[in-house]
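Trainee: Spelled out, the chains give:
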Amino acid sequence: MSRAALPPDEVGEMLLRVRGLGKSFTLHLQGGLRIPVLAGIALALHGGECVMLSGPSGIGKSTLVRSLYGNYRAQAGEILVRHAGAWVDLAASDPRTVLEIRRQTIGYVSQFLRVVPRVPTLEIVAEPARLAGSAPAEAAERARALLLRLNIPERLHVLPPATFSGGERQRVNLARGFAGGHPILLLDEPTASLDAENCAVVIDLVREAKARGAAILGIMHDAAARDAIADRLFPLTPLQDAA
Amino acid sequence: MSPDPLLSAPLLSARGLSVRLGRVAALDGVDVDLWPGEVLAVVGESGSGKTTLLNTLFGTQCPDRGVVRYRDPDGRVHDVHRMSRPMLRTLHRSDWGFVYQEPRQALRMAVSAGGNVGERLMAPGINSAGARHYGRIREAAIAWLREVEIDPTRIDDLPRTFSGGMLQRLQIARTLVTHPRLVFMDEPTGGLDVSVQARLLDLIRTLVARLRIAVVLVTHDIAVARLLADRMLVMQAGRVVETGLTDQVLDDPQEPYTQLLVSSVLLA
Numbered sequence: 023m024s025r026a027a028l029p030p031d032e033v034g035e036m037l038l039r040v041r042g043l044g045k046s047f048t049l050h051l052q053g054g055l056r057i058p059v060l061a062g063i064a065l066a067l068h069g070g071e072c073v074m075l076s077g078p079s080g081i082g083k084s085t086l087v088r089s090l091y092g093n094y095r096a097q098a099g100e101i102l103v104r105h106a107g108a109w110v111d112l113a114a115s116d117p118r119t120v121l122e123i124r125r126q127t128i129g130y131v132s133q134f135l136r137v138v139p140r141v142p143t144l145e146i147v148a149e150p151a152r153l154a155g156s157a158p159a160e161a162a163e164r165a166r167a168l169l170l171r172l173n174i175p176e177r178l179h180v181l182p183p184a185t186f187s188g189g190e191r192q193r194v195n196l197a198r199g200f201a202g203g204h205p206i207l208l209l210d211e212p213t214a215s216l217d218a219e220n221c222a223v224v225i226d227l228v229r230e231a232k233a234r235g236a237a238i239l240g241i242m243h244d245a246a247a248r249d250a251i252a253d254r255l256f257p258l259t260p261l262q263d264a265a
Numbered sequence: 131m132s133p134d135p136l137l138s139a140p141l142l143s144a145r146g147l148s149v150r151l152g153r154v155a156a157l158d159g160v161d162v163d164l165w166p167g168e169v170l171a172v173v174g175e176s177g178s179g180k181t182t183l184l185n186t187l188f189g190t191q192c193p194d195r196g197v198v199r200y201r202d203p204d205g206r207v208h209d210v211h212r213m214s215r216p217m218l219r220t221l222h223r224s225d226w227g228f229v230y231q232e233p234r235q236a237l238r239m240a241v242s243a244g245g246n247v248g249e250r251l252m253a254p255g256i257n258s259a260g261a262r263h264y265g266r267i268r269e270a271a272i273a274w275l276r277e278v279e280i281d282p283t284r285i286d287d288l289p290r291t292f293s294g295g296m297l298q299r300l301q302i303a304r305t306l307v308t309h310p311r312l313v314f315m316d317e318p319t320g321g322l323d324v325s326v327q328a329r330l331l332d333l334i335r336t337l338v339a340r341l342r343i344a345v346v347l348v349t350h351d352i353a354v355a356r357l358l359a360d361r362m363l364v365m366q367a368g369r370v371v372e373t374g375l376t377d378q379v380l381d382d383p384q385e386p387y388t389q390l391l392v393s394s395v396l397l398a
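Line by line, the protein sequences are chains A and B.
Letter by letter, the first sequence follows residues 23 to 265 of this note's numbering.
Letter by letter, the second sequence follows residues 131 to 398 of this note's numbering.
Rather than coming from a laboratory, the hints here were simulated on the basis of the structure.
What you are looking at is a predicted structure, and each value in this text was computed from that prediction instead of being measured.
Glycine included, every Cβ here is placed at the ideal spot set by N, Cα and C.
Careful: at least some of the hints might be erroneous.
[Claimed, not checked] A few chain A residues facing chain B, derived, Cβ under 8 Å:
1. P117
2. L121
3. P139
4. R140
5. L261
Construct the complete structure from the given sequences, taking the supplied hints into account.
Mentor: As structure tokens, this is what we get:
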């Protein structure tokens, strides 16, 4: 996908629009206890901007990010995604469409890396780019470059990440998230277990993604890193007690 | 919206499947759709009807009620349970395949590894001209042994000299040699050591993705479903209690039974 880089501070077209999003959990094993987490969430995300969710722990930041990826099932509202030239409501899409949106449009860096045990690191990182349509050699080269930038040395690329440290695995996860080149990127605590040097690399990667016109929404507890990349904060506030 | 016309029609579509085994409703009004290249996991505890569903979709178990429709490579739709026996047998040996938990159920133990892989190519209904030429069959067998990471010098060995993991890989080679579009798998990694399981999982995942094979995978192992399946179907007492995207069903289960199933799994 070729898109001209945007000049700084200029916001591109809208890529994600959330209206009236609501999410609660019903715990059937705890006597049907219902826990409301999100209600009436409305937000818009444009190409070239980075929005960070803010609010105290437990307020539902991760729940919102997971709902936007279709990992959690939204119960109310719309999640409109600019996908393949049209607006698609992810909250109302069938599983195949959600998978297609994840291949082409929405990338996600989770807190944990979950992969088949034997697959080499380079493969894991190259996979999203291949699924999004890059040629295998091109995807592998991009994966290699990202891993090196994130200080994963070449000798580790052929190994599965099972034996890697927590920080290394998180960097593999980050490389995988950025390798896809998705127009929308969701970040769930991507710098949680990183040292300052690698944190700086992540900040650069986010800036570059913004420059190519990607829209980024995420959670980042490290205030300095967050301020370095966020164009604005989206505060989540406690739900009014419905009862 | 359907950007890819290939994906716009299901390969397999079942409606209202009911099977009674004695006094038990083994299947009770089950609907299933499967699209080309899609991996669908069927999970649930023993006795929930998973295997009965698999056999009913495959055509070897007749439903008391309901229909299973299959779309062939030319786009014609067939009622699987009304096909003639020879036609169903041909389908089972060409466009479909079945991977059993116990490889000895599929393999012929008195026939060489290469013979086991090549056999499906000699079956009627494999219409690629020349595929039945002996030299080509041997070539194909060698290529497939490599594909499933079995040393091709073992081509003339009997399967009984193979380990459990190798036998399972041989069964997979035997099944995939005809390039089926749809493969049914019944606990394919069950009964194997964990290290052997990982290798097999990786192999299945890679081959299925590369060859764009649709899979109905029966497993009681939720970790296997998470790693292999796009979509998941949760069964309890012969009914589908929940269905959806694999990671969504596992991370945000809606139904009481699914919540119990997911919360009972030991985290690795």
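Trainee: Hint by hint, note whether the structure agrees.
Mentor: Here is how each hint holds up against the structure:
The beta carbon of P117/A comes within 4 Å of a beta carbon in chain B, closer than 8 Å, and the hint placing it at the interface holds. Checking L121/A against chain B by beta carbon gives a least distance of about 6 Å; that is within 8 Å, so the hint holds. Look at P139/A: its Cβ gets to within about 4 Å of chain B, closer than 8 Å, so that hint holds up. A hinted interface residue such as R140/A counts as satisfied when its beta carbon comes closer than 8 Å to some beta carbon of chain B; here the least separation is about 4 Å, so the hint holds.
Checking L261/A against chain B: minimum C-beta separation of about 18 Å lies over 8 Å; hint violated.
The structure fails hint 5 only (numbered hints given earlier).
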